[in-house]
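Peer 1: Fit chain F with the ligands to the known structure of chain W by using the hints.
Chains as they are written, first to last, in our numbering: chain W, 1 to 243; chain F, 1 to 406.
Honestly, the hints are just simulated from the structure, not real lab data. Ideal Cβ placement from N, Cα and C applies to all residues, glycine included. You may find that some hints are simply not true.
Capping the alpha-carbon separation at 35 angstroms, the derived lysine-lysine pairs in DSBU-like fashion look like this [what the hints assert, rightly or not]:
1) 2/F x 83/W
2) 222/F x 83/W
3) 293/F x 129/W
4) 35/W x 397/F
5) 129/W x 5/F
6) 69/W x 2/F
7) 397/F x 223/W
8) 293/F x 83/W
9) 293/F x 214/W
10) 222/F x 232/F
11) 397/F x 83/W
12) 106/F x 73/F
13) 397/F x 200/W
14) 293/F x 16/W
15) 73/F x 38/W
16) 16/W x 397/F
17) 293/F x 69/W
18) 38/W x 2/F
19) 222/F x 200/W
20) 129/W x 397/F
21) 223/W x 293/F
22) 293/F x 217/W
23) 35/W x 293/F
Calculated from the model, a selection of chain F residues having no Cβ within reach of chain W, i.e. all distances over 12 angstroms [what the hints assert, rightly or not]:
24) 77
25) 85
26) 130
27) 171
28) 189
29) 206
30) 237
31) 294
Label pairs and their computed distance ranges (CB to CB) [stated by the list, open to error]:
32) 179/W x 307/F: 24 to 30 angstroms
33) 321/F x 76/W: 42 to 48 angstroms
34) 76/W x 397/F: 16 to 22 angstroms
35) 13/F x 37/W: 29 to 35 angstroms
36) 223/W x 14/F: 44 to 50 angstroms
37) 223/W x 13/F: 40 to 46 angstroms
38) 329/F x 190/W: 55 to 61 angstroms
39) 16/W x 395/F: 22 to 28 angstroms
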Amino acid sequence: MSTVKSNEIVLLQNIKKDYGQGNVVTEALRGVDLKLVKGDFTVMMGPSGSGKSTLLNIIGGLDRATSGKTIINGQDIGILSNKALSLMRLNNIGFVFQNYNLIPVLTAYENAEYVLMLQGINPLQRREKVMSLLQEIGLDGLENRFPRELSGGQQQRVAIARAVASDPQLVLADEITANVDSETAQSLLELMVSLNQNNKTTFLFSTHDPAVIKFAKRVIILKDGNISNEKLSSVEIEESTHK
Amino acid sequence: MKMVKISWRNLWRNATRTNITITAVALCVAILIIFQALIIGLIEKAVSNTTNLLVGEVQIHANGYLDDRSIYKSLGNIEKVRAFARENNIGIVERSYGFGLISSGKKSAGTQFWGINPEFELNYFDFANNIDEGEFLSETSLNKVVLGKKLARSLAAEIGTELVVFVQGADGSLGNDLFYVSGILKNIADDIDRGAAMILKDDFDILFSTNNIVHEIALNSKGKFEAEEIQKNISSKLKDASVMTWKQLMPFIDSMVDQMSAFMLTMFSLIFTVAASLGVMNTLLMSTYDRMKEFGVIRAIGATPWRIIRQVSMEAILLTTLASIIGVIIGLGISLYLQVYGIDFSGKGNLSFGGVVFDPIWKASVSFKIVLLPVVLMFVTSIVASLYPASIAARIKPVEAIHYKP
Ligand SMILES: Nc1ncnc2c1ncn2[C@@H]1O[C@H](COP(=O)(O)OP(=O)(O)OP(=O)(O)O)[C@@H](O)[C@H]1O
Ligand SMILES: [Mg+2]
Chain W
1 MSTVKSNEIV LLQNIKKDYG QGNVVTEALR GVDLKLVKGD FTVMMGPSGS
51 GKSTLLNIIG GLDRATSGKT IINGQDIGIL SNKALSLMRL NNIGFVFQNY
101 NLIPVLTAYE NAEYVLMLQG INPLQRREKV MSLLQEIGLD GLENRFPREL
151 SGGQQQRVAI ARAVASDPQL VLADEITANV DSETAQSLLE LMVSLNQNNK
201 TTFLFSTHDP AVIKFAKRVI ILKDGNISNE KLSSVEIEES THK
Chain F
1 MKMVKISWRN LWRNATRTNI TITAVALCVA ILIIFQALII GLIEKAVSNT
51 TNLLVGEVQI HANGYLDDRS IYKSLGNIEK VRAFARENNI GIVERSYGFG
101 LISSGKKSAG TQFWGINPEF ELNYFDFANN IDEGEFLSET SLNKVVLGKK
151 LARSLAAEIG TELVVFVQGA DGSLGNDLFY VSGILKNIAD DIDRGAAMIL
201 KDDFDILFST NNIVHEIALN SKGKFEAEEI QKNISSKLKD ASVMTWKQLM
251 PFIDSMVDQM SAFMLTMFSL IFTVAASLGV MNTLLMSTYD RMKEFGVIRA
301 IGATPWRIIR QVSMEAILLT TLASIIGVII GLGISLYLQV YGIDFSGKGN
351 LSFGGVVFDP IWKASVSFKI VLLPVVLMFV TSIVASLYPA SIAARIKPVE
401 AIHYKP
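Chain W on its own, in the form it takes in the complex (with noise of 0.2 angstroms):
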């Protein structure tokens, strides 16, 4: 057993994910090793069908490893019922989905507050938070719309406002910015590397856009369900991608 450091946010051993039974089995991922520290920002690259969904969603809790072990803030999360899981949820991982999946009776405001309302902290406080969060992330003025009435962009805002308004250790992304065009890629990665850099927030994102790459820290390279050439540069990776 290795000892877990305090700033370990991510520390996977030999992760692997089969999908289906009998004949018909795929293997997902293959024996991942990985490890996040504080304040990371890290950027998941590799080829359609390569288990990036499949990694983030066993990082975050939504899914069980096959076999191996996930261990998050020093807990082996794989033991825990799927209640201790929520809560595991609940208050150390921020969610953003590529479809923002935004609640859609909620407003802008009660979106970014509805997770602070699960952890039960009082509406004062809440609001306080989220205020200054949506002025943060530029939707002041925007609060009280509905999803419907906000553009795709302006919802991905919404969504990482819920993602990181309770201030988790880890903040989860799967191709947000697959959705929307360039230019408001660029400004949601902006807003993310700012809230990186304001609040040391650690960030995994998987991507298929090689614009995403030059704003992370790190690089990793997912290919059949495992992780290869993980000490490529940014620019190596850019240049491979252009080929």
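Peer 2: Just chain F with the ligands, lined up with the frame of chain W:
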């Protein structure tokens, strides 16, 4: 509360669906309220028909009289009861009973003689109106007798027939006299039909050598007071007499009324509310399937299954609350109308069952109870019905739901 707000907004995402369900549940509540008001109205009418016939709401006897009906167990202190009845405008009759033999020459039979005051009986009770042949007694009907129907038949007596009467007087002497049949009653109740011979109170005293003797006082406020209320009042005035309500005198009728109303109302209400709650369940099921992805997302960001169950059930509660308010307004409105005006059956001829004539206007009876039962049942069944969709929503696996395409 936040949860209420979220559930409220979710309810109106598909307004047509919600409105249809609310209408159905509201109608169900309204129908149950009206139905109960009418049934309780009918039962109350049946009970008052029974008490008005001859029993009254409360009866007073000397202690132990009902056990052996001895002529010596008579009531004293009657003046107090008379005063109480007068003050409160409660109908009161005094009756005396004695046993004897009655003979028409051809045939004879054992008989219970009733010494009555016809004016009071006609004023406060109905049986005197149920005359089959001839006429009831009046104040001047000395040496006239009114017979129960079966008694008259077994004596082969007709109107005007001369009857010889033998009794044992209270002083031990033999009383005998001649009476003439003035009227024959319709079938009323078995003991009356077979054995009652009604004569004037004055005739009774002469026949039995008694002096203004009273064995029974029957009080009838015709619903103005509760029987128990009258009983309590008189018991406190007359310590040494037995004061009983009609429920104690006829426990069989009381329990039949109770069981019938409990059974009918509960069964009927249950069937209706279960049907309506299936509508609620269907609505929530459809809206749960529409929102699979959303539930997955809120599970992903940390909501517990329990929270999701509460949220879906809250939607059922809000829907039922709204529907109940509408249902109660409609149901109570119509019931109150029916309490005042009733449903008129008089155009369809005389309503009579087993010789008892019913009031042709069927009136509802409104009470708090008729609102409580449907509303409470509706809430309970709706919440139970919401648990199935709620548990589906709560069991959603976040990963699958996020990729779920409806
Ligand atoms: N629920 C599932 N059941 C069966 N197989 C699955 C399931 N989810 C993913 N897979 C398979 O696992 C492999 C990895 O999928 P994953 O979604 O993690 O890839 P990805 O890198 O996120 O791809 P993309 O870039 O297209 O989003 C793929 O071969 C996919 O078909
Ligand atoms: Mg993916």
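Peer 1: A separate judgement is required for each hint: does it hold in the structure or not?
Peer 2: Quick rundown of the hints versus the structure:
For the proposed pair residue 2/F and residue 83/W, the alpha carbon gap of about 22 angstroms is at most 35 angstroms, so the pair holds. Distance restraint check for residue 222/F and residue 83/W: the Cα-Cα separation of roughly 65 angstroms exceeds the 35 angstroms cut-off, and the hinted pair is therefore not satisfied. Between residue 293/F and residue 129/W, the direct Cα distance comes to roughly 27 angstroms. Compliance with the 35 angstroms bound is thereby established for this hinted pair. Pair hint residue 35/W plus residue 397/F holds up; C-alpha atoms about 27 angstroms apart against a cutoff of 35 angstroms.
As the CA atoms of residue 129/W and residue 5/F are separated by approximately 21 angstroms, the hinted pair is consistent with the 35 angstroms bound. With a C-alpha separation of about 38 angstroms, the suggested pair residue 69/W and residue 2/F falls outside the 35 angstroms cut-off, and the hint is violated. Between residue 397/F and residue 223/W, the direct Cα distance comes to roughly 26 angstroms. Compliance with the 35 angstroms bound is thereby established for this hinted pair. Taking the CA atoms of residue 293/F and residue 83/W, the gap is about 19 angstroms. The hint holds against a cut of 35 angstroms.
A threshold of 35 angstroms between alpha carbons decides the hint, and for residue 293/F with residue 214/W the separation of about 33 angstroms falls inside it, so the pair holds. For the proposed pair residue 222/F and residue 232/F, the alpha carbon gap of about 17 angstroms is at most 35 angstroms, so the pair holds. For a cut-off of 35 angstroms, the pair hint linking residue 397/F to residue 83/W stands: about 12 angstroms separates their Cα positions. Of the pairs offered as hints, the one joining residue 106/F and residue 73/F holds, with about 34 angstroms between alpha carbons and a cut-off of 35 angstroms not exceeded.
With a C-alpha separation of about 31 angstroms, the suggested pair residue 397/F and residue 200/W falls inside the 35 angstroms cut-off, and the hint holds. Only pairs whose Cα atoms come within 35 angstroms are accepted, and residue 293/F paired with residue 16/W is accepted, the gap being roughly 26 angstroms. Our distance criterion of 35 angstroms between C-alpha atoms is broken by residue 73/F and residue 38/W, whose separation comes to about 101 angstroms. With a CA separation close to 20 angstroms, the supplied pair residue 16/W and residue 397/F stays within the 35 angstroms bound.
Between residue 293/F and residue 69/W the CA atoms are separated by roughly 28 angstroms; this keeps the pair inside 35 angstroms, and the hint holds. For the hint pairing residue 38/W with residue 2/F, the CA-to-CA distance comes to about 34 angstroms; that is within 35 angstroms, so the pair holds. For a cut-off of 35 angstroms, the pair hint linking residue 222/F to residue 200/W is broken: about 84 angstroms separates their Cα positions. Between residue 129/W and residue 397/F the CA atoms are separated by roughly 30 angstroms; this keeps the pair inside 35 angstroms, and the hint holds.
The hinted pair formed by residue 223/W and residue 293/F meets the criterion: a straight-line CA distance of about 29 angstroms does not exceed 35 angstroms. Distance restraint check for residue 293/F and residue 217/W: the Cα-Cα separation of roughly 33 angstroms lies within the 35 angstroms cut-off, and the hinted pair is therefore satisfied. Distance check on the hinted pair: residue 35/W and residue 293/F sit about 31 angstroms apart at the alpha-carbon level, within 35 angstroms; holds. Every Cβ of chain W is farther than 12 angstroms from the Cβ of residue 77/F; the closest lies at roughly 72 angstroms, confirming the non-interface assignment.
Distance to chain W confirms residue 85/F as a non-interface residue, since its nearest Cβ pair spans about 66 angstroms, more than 12 angstroms. Listed as outside the interface, residue 130/F is consistent with that label: its C-beta sits roughly 68 angstroms from the nearest C-beta of chain W, beyond the 12 angstroms cut-off. The non-interface label for residue 171/F is consistent with chain W: the shortest C-beta to C-beta separation is roughly 91 angstroms, beyond 12 angstroms. Chain W leaves residue 189/F outside its interface by the beta-carbon criterion, the shortest separation being 67 angstroms against a cut-off of 12 angstroms.
Its beta-carbon lying about 90 angstroms from the closest one in chain W, residue 206/F satisfies the requirement of being farther than 12 angstroms from that chain. Taking the minimum C-beta to C-beta distance to chain W, about 64 angstroms, the non-interface status of residue 237/F holds against the 12 angstroms cut. Not every beta carbon of chain W lies more than 12 angstroms from that of residue 294/F, the smallest distance being close to 6 angstroms; the non-interface claim is violated. For the pair residue 179/W and residue 307/F, the supplied restraint of 24 to 30 angstroms holds, since their beta-carbon distance comes to about 29 angstroms.
The beta-carbon spacing between residue 321/F and residue 76/W, approximately 46 angstroms, falls within the hinted interval of 42 to 48 angstroms. Taking 16 to 22 angstroms as the suggested C-beta distance range, the pair residue 76/W and residue 397/F conforms, at roughly 21 angstroms. At roughly 43 angstroms, the beta-carbon separation of residue 13/F and residue 37/W lies outside the given 29 to 35 angstroms, and the hint is violated. Separation of residue 223/W from residue 14/F is about 45 angstroms and conforms to the stated range, judged on CB atoms against 44 to 50 angstroms.
For the pair residue 223/W and residue 13/F, the beta carbons lie near 43 angstroms from each other, so the given range of 40 to 46 angstroms is met. For the pair residue 329/F and residue 190/W, the beta carbons lie near 58 angstroms from each other, so the given range of 55 to 61 angstroms is met. Under the hint 22 to 28 angstroms, the C-beta atoms of residue 16/W and residue 395/F, about 26 angstroms apart, fit the expected range.
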